[in-house]
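Trainee: Join these two chains into a complex; the hints should help.
Residue-level listing of the chains:
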Amino acid sequence: MALFSLARSHKAAHVLPGFNITLGFTLTYLSLIVLIPLSALVFKTFTLTWDQFWAAVTGPRVMASYRLTFGASLIAALVNVVFGLLVAWVLVRYNFFGKKVVDALVDLPFALPTAVAGISLTALLAGNGWVGQYLEPMGIQLAFNPNGVVIALIFIGLPFVVRTVQPVLEDAEKELEEAATCLGATRWQTFSRVIFPSIAPALLTGFAMAFARAIGEYGSVIFIAGNMPMVSEITPLIIIGKLEQYDYAGATAVAVVMLVISFILLLVINALQAWQRRHTGNPA
Amino acid sequence: MSTAINPSVRRAQAGTTEPAWVRYSLIGVALTFMFFFLILPLAAVFTEALRKGVEAYWVALQEPDAWSAIRLTFMTALIAVPLNLVFGVAAAWAIAKYEFTGKAFLTTLVDLPFSVSPVVAGLIYVLMFGAQGWFGTWLQAHDIKIVFAVPGIVLATVFVTFPFIARELIPLMQAQGNDEEQAAIVLGATGWQTFWYVTLPNIKWGLIYGVILCNARAMGEFGAVSVVSGHIRGQTNTMPLHVEILYNEYQSVAAFAVASLLALLALVTLAIKSVVEWRHARELKATADLPQEMPSA
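In the order they appear, the protein sequences are chains A and B.
Numbered by our numbering, the letters in the first sequence go through residues 1 to 284 in order.
Numbered by our numbering, the letters in the second sequence go through residues 1001 to 1297 in order.
Source of the hints: derived by calculation from the structure; they are not laboratory data.
Cβ atoms here follow ideal geometry from the backbone N, Cα and C, with glycine treated the same way.
Possibly wrong hints are sitting among the right ones.
[What the hints assert, rightly or not] Okay, derived cross-link-like pairs now, SDA-like style, lysine to any residue, Cα gap no bigger than 25 Å in a straight line:
id, chain 1, residue 1, chain 2, residue 2
1, A, Lys-174, A, Arg-277
2, A, Lys-99, A, Leu-86
3, B, Lys-1052, A, Gly-127
4, B, Lys-1285, A, Glu-175
5, B, Lys-1285, A, Arg-93
6, B, Lys-1145, B, Gly-1130
7, A, Lys-100, A, Leu-203
8, A, Lys-100, B, Ile-1272
9, B, Lys-1285, B, Ser-1274
10, A, Lys-99, A, Val-79
11, A, Lys-100, B, Leu-1261
12, B, Lys-1285, A, Tyr-94
13, B, Lys-1052, B, Glu-1063
14, A, Lys-100, B, Phe-1037
15, A, Lys-99, B, Thr-1016
16, B, Lys-1103, A, Leu-272
17, A, Lys-99, B, Leu-1267
18, B, Lys-1204, B, Pro-1171
19, A, Lys-174, A, Phe-83
20, B, Lys-1103, A, Leu-30
21, A, Lys-174, A, Thr-186
22, B, Lys-1285, B, Val-1275
23, B, Lys-1103, A, Gln-273
24, B, Lys-1285, B, Val-1198
25, B, Lys-1103, A, Asn-20
26, B, Lys-1103, A, Ala-271
27, B, Lys-1273, B, Phe-1074
[Said to hold, decoys possible] Covered stretches of chain A, as calculated for chain B (at least 3 residues, CB under 8 Å):
id, segment
28, 16 to 25
29, 31 to 37
30, 76 to 90
31, 110 to 118
32, 148 to 158
33, 216 to 226
34, 247 to 253
[Claimed, not checked] Label-pair restraints from in silico Cβ distances:
id, chain 1, residue 1, chain 2, residue 2, range
35, B, Trp-1058, A, Phe-96, 30 to 40 Å
36, A, Gln-52, B, Trp-1058, 50 to 60 Å
37, A, Ser-198, B, Pro-1064, 55 to 65 Å
38, B, Trp-1058, A, Asp-247, 39 to 49 Å
39, B, Asp-1143, A, Asp-171, 57 to 67 Å
40, B, Phe-1035, A, Phe-263, 33 to 43 Å
Here chain B stands alone, though its shape is the one from the complex (with noise of 0.2 Å):
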């Protein structure tokens, strides 16, 4: 950027911006905000998690029940995150490609886990299939363990990731609109290849950022999970109610130690996010810079 501006464009430029003072105070009062909610918070988690030494450290993250924790955590976004994903990819394709009666209805419906406290999302779970439930009877006379068992988590999580990844991609193909879609059809392509090699591609973008949100949420969810868990070290414990199970045990350096993995998931979640921000905005703008196509004749 160059530092000597003509003074005709810094006079032009004046009426849309302000005197340097308050533009510098401004961004002193935005730093201030975020230094005090967003970065001393993280910075809390690895000096609290290490303040007993590296050592204490990894003894922490050794501790058998850390490790089921972190097991049945991965399990849990490896169920729900694909089957989240395959969701996504049908109910955008219906809503976006397509024009039917009910469609923003629908929508709205797809949303609304959102919305939805996550306290309530474990609590329905627990009224359908816990033991005074819908289906407790016959769930007990099968001896299927729902609620307070793994299979119970494993859809809560679903739950509340429920729209991450249509959410991404309705938006995103409605935009982008039927055309290439139908050329490919129309040229012969069967409705899986015309997917695979015209869908996709443009929007793999999205999916990607939605898949890794998706992910972020499925790995971290607290609230709908610890309603639904029964909390039993060593089998039902997330590695967020592990955390909750070590702080309310007063083992600090331990419970932060878990927490600093949770952490360090969500600055990749958000490295990752970035990267593929800056890669879409890079296409976009290289598509926009291409020359116009004229139709000859």
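So that you can see chain A by itself, here it is in the shape it has in the complex (with noise of 0.2 Å):
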């Protein structure tokens, strides 16, 4: 295993035991788990050629589902960045009551299960919902059509956006912006030319992320969309509509460009990630 030796180097290489059996488990498990089936997905489109791989991927309706995955995923992203910043911003800045329990629900996203908030998001905006019944007069439809997507998306991609923040703003030095008042800063220009810049690295980051996700979230999604071909059909539901068909190879080529896609914002992220860490100067 030549990848993976041991730096000789290193003087505390010795010292510690379990070097060779925890590396060696870690390699075999994440071989068995995730790089030989993922593997699989690769081999299995070997199968089709070029042309057959091609018409696969760039069919119409396929070609509409990225429009939308990737439409919507950018617009959540982005709603995720302006209100993610502002809720980081006031847990981390102001006072108020019921801060802590406010701080613990910013995670709900990540702790409930991606069916139920789909489902729950589905009868809040549904024509006789809470919010849609209110809605729904005023000729705004937020349910089974493309709005249902992007809300769907803002919900499960805010607590990246505030938790990428929120430790840069903690961490963030007052005494920047004691100097930048006593030179005669407003407020306004103190935040935007001082506290803004120090932590564009890490918004950048959460929303990378909050994208990332967005792109193969399913499960809240597909209850909200109406999944109409053409209109409101997310790619990977795209995937299960071909596996339910049996057509394993078209499945799989889709697949292998969603892979593709998550694999390039899995390394965009590293980048960005390593970007802030010389920007703040602090390992994170």
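Mentor: In structure tokens, the structure reads:
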């Protein structure tokens, strides 16, 4: 295993026992659960010719699903950047009644099963729901169309932005803001020129994480989307649809496209986090 | 907190905070957003579940199919969480305590299941163990069912919860360094003793934190499990899948009744998580308040 050879120069390496067994177990388990099954996906794609593959991943229904998935994920992640920053700011900088409970609730989308979030948002926004009944007379439909997809994706993405920005805001040095004020900056100038640049990398990381999660999301979306072909059908649902028609090769082709995209996003997020560490100068 | 603040202190603070009206409007907007996006959906689950009264709620929960879904969900979590716990500790030990080539790459691979869509996660097991999959013919010849049966559900759940514990422990163990473990080894402790009496007490909060998040996801996973389950009522339905079936059959009260159990699980998870965070913060503060130890001579 030359890829994972121990760096001999490191003096600490010889004192602690268990390197071989823990690394061996890690690599075996990783291969069995993740790497070998994922490679099945890639090998299955090779049963298709390039033309068949291209036809499977660029069909009109599939293209419409990419537009919806990427568009809705982008809008939801942008909304989360704005409101996630606001929530993080309020939680770090101000005191108000019930703050600890609000802080704990931010993680609700992590803890609440996506199917539960899906049916509950649908119940709220449907024509007879608590929120929907007031919106429908105004001609606003938020359920069973692409709007519903965006709402569900905002819900599941919120904690990503809040939880990446919050620690950076907590560690921000007040001295810089005091200096800015002493030098005559208004509060807005201090925010936009001193505070914002220091949290921008974290904000971007949170955006990328919320976006990546939204692209693959399935459970919360399918209940509220209405799932009309060409209109409100997300890409994961296309895969399910192909599977239900026993079109394994077609499902695999679309899955490979999604896998490549998520891998690229993972690398982007890693790069952003490395940038953030350099930017703030501490390993967070 | 004292209300009478020294005027000079107040002037100094004015430089690093906003006027009161800005503060209150920002708090107001943030809370309104959280009310509509977090509190209302949570409240809706319980209201819809109790729409036809407490009686109908209990009846819905006592249905045999609901019970078998609850059992399957707990069993799945009971297998998936310990497996990923052992993996998480082993991976964190190897990655945090040693330097080796390819470490950054390995860490990225551990994170990989987080960024794979749940539907794709389910699909890969169908491609391996399904009728047309790699091992399909062999499994059929030996009459072993993995996909559209319980083992597939467990595998898919293990995949989606794979990184949870490892990614909590890796940064924690990296931050703590090797000094204490090295001291224990030098003083004659075995590897196991070092782990049990030195490492484990240091990482216990991170470990609990990872386990409860892993458990919440394991019990609540929908997409991946949906692909491999086959949706056989009373046999391969987990709670989230049972919610979907009831909902699609317009049995709204029953669907939300089962959903309310999952929502309770989420609330318990958040409560434990907050307690763990507060305890951990208190311990950190207590250690930080200790006087610096001065080496004599």
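Trainee: Each hint should be assessed against the structure and marked as holding or not.
Mentor: Now for the hints, and whether the structure bears them out:
| no. | hint | in the structure |
| --- | --- | --- |
| 1 | A:Lys-174 / A:Arg-277 | 19 Å, holds |
| 2 | A:Lys-99 / A:Leu-86 | 14 Å, holds |
| 3 | B:Lys-1052 / A:Gly-127 | 20 Å, holds |
| 4 | B:Lys-1285 / A:Glu-175 | 22 Å, holds |
| 5 | B:Lys-1285 / A:Arg-93 | 20 Å, holds |
| 6 | B:Lys-1145 / B:Gly-1130 | 9 Å, holds |
| 7 | A:Lys-100 / A:Leu-203 | 22 Å, holds |
| 8 | A:Lys-100 / B:Ile-1272 | 13 Å, holds |
| 9 | B:Lys-1285 / B:Ser-1274 | 16 Å, holds |
| 10 | A:Lys-99 / A:Val-79 | 22 Å, holds |
| 11 | A:Lys-100 / B:Leu-1261 | 24 Å, holds |
| 12 | B:Lys-1285 / A:Tyr-94 | 21 Å, holds |
| 13 | B:Lys-1052 / B:Glu-1063 | 16 Å, holds |
| 14 | A:Lys-100 / B:Phe-1037 | 18 Å, holds |
| 15 | A:Lys-99 / B:Thr-1016 | 20 Å, holds |
| 16 | B:Lys-1103 / A:Leu-272 | 18 Å, holds |
| 17 | A:Lys-99 / B:Leu-1267 | 16 Å, holds |
| 18 | B:Lys-1204 / B:Pro-1171 | 14 Å, holds |
| 19 | A:Lys-174 / A:Phe-83 | 23 Å, holds |
| 20 | B:Lys-1103 / A:Leu-30 | 14 Å, holds |
| 21 | A:Lys-174 / A:Thr-186 | 15 Å, holds |
| 22 | B:Lys-1285 / B:Val-1275 | 15 Å, holds |
| 23 | B:Lys-1103 / A:Gln-273 | 16 Å, holds |
| 24 | B:Lys-1285 / B:Val-1198 | 20 Å, holds |
| 25 | B:Lys-1103 / A:Asn-20 | 14 Å, holds |
| 26 | B:Lys-1103 / A:Ala-271 | 15 Å, holds |
| 27 | B:Lys-1273 / B:Phe-1074 | 20 Å, holds |
| 28 | 16 to 25 | holds (count 8) |
| 29 | 31 to 37 | holds (count 5) |
| 30 | 76 to 90 | holds (count 5) |
| 31 | 110 to 118 | holds (count 8) |
| 32 | 148 to 158 | holds (count 3) |
| 33 | 216 to 226 | holds (count 5) |
| 34 | 247 to 253 | holds (count 3) |
| 35 | B:Trp-1058 / A:Phe-96: 30 to 40 Å | 38 Å, holds |
| 36 | A:Gln-52 / B:Trp-1058: 50 to 60 Å | 54 Å, holds |
| 37 | A:Ser-198 / B:Pro-1064: 55 to 65 Å | 57 Å, holds |
| 38 | B:Trp-1058 / A:Asp-247: 39 to 49 Å | 43 Å, holds |
| 39 | B:Asp-1143 / A:Asp-171: 57 to 67 Å | 59 Å, holds |
| 40 | B:Phe-1035 / A:Phe-263: 33 to 43 Å | 37 Å, holds |
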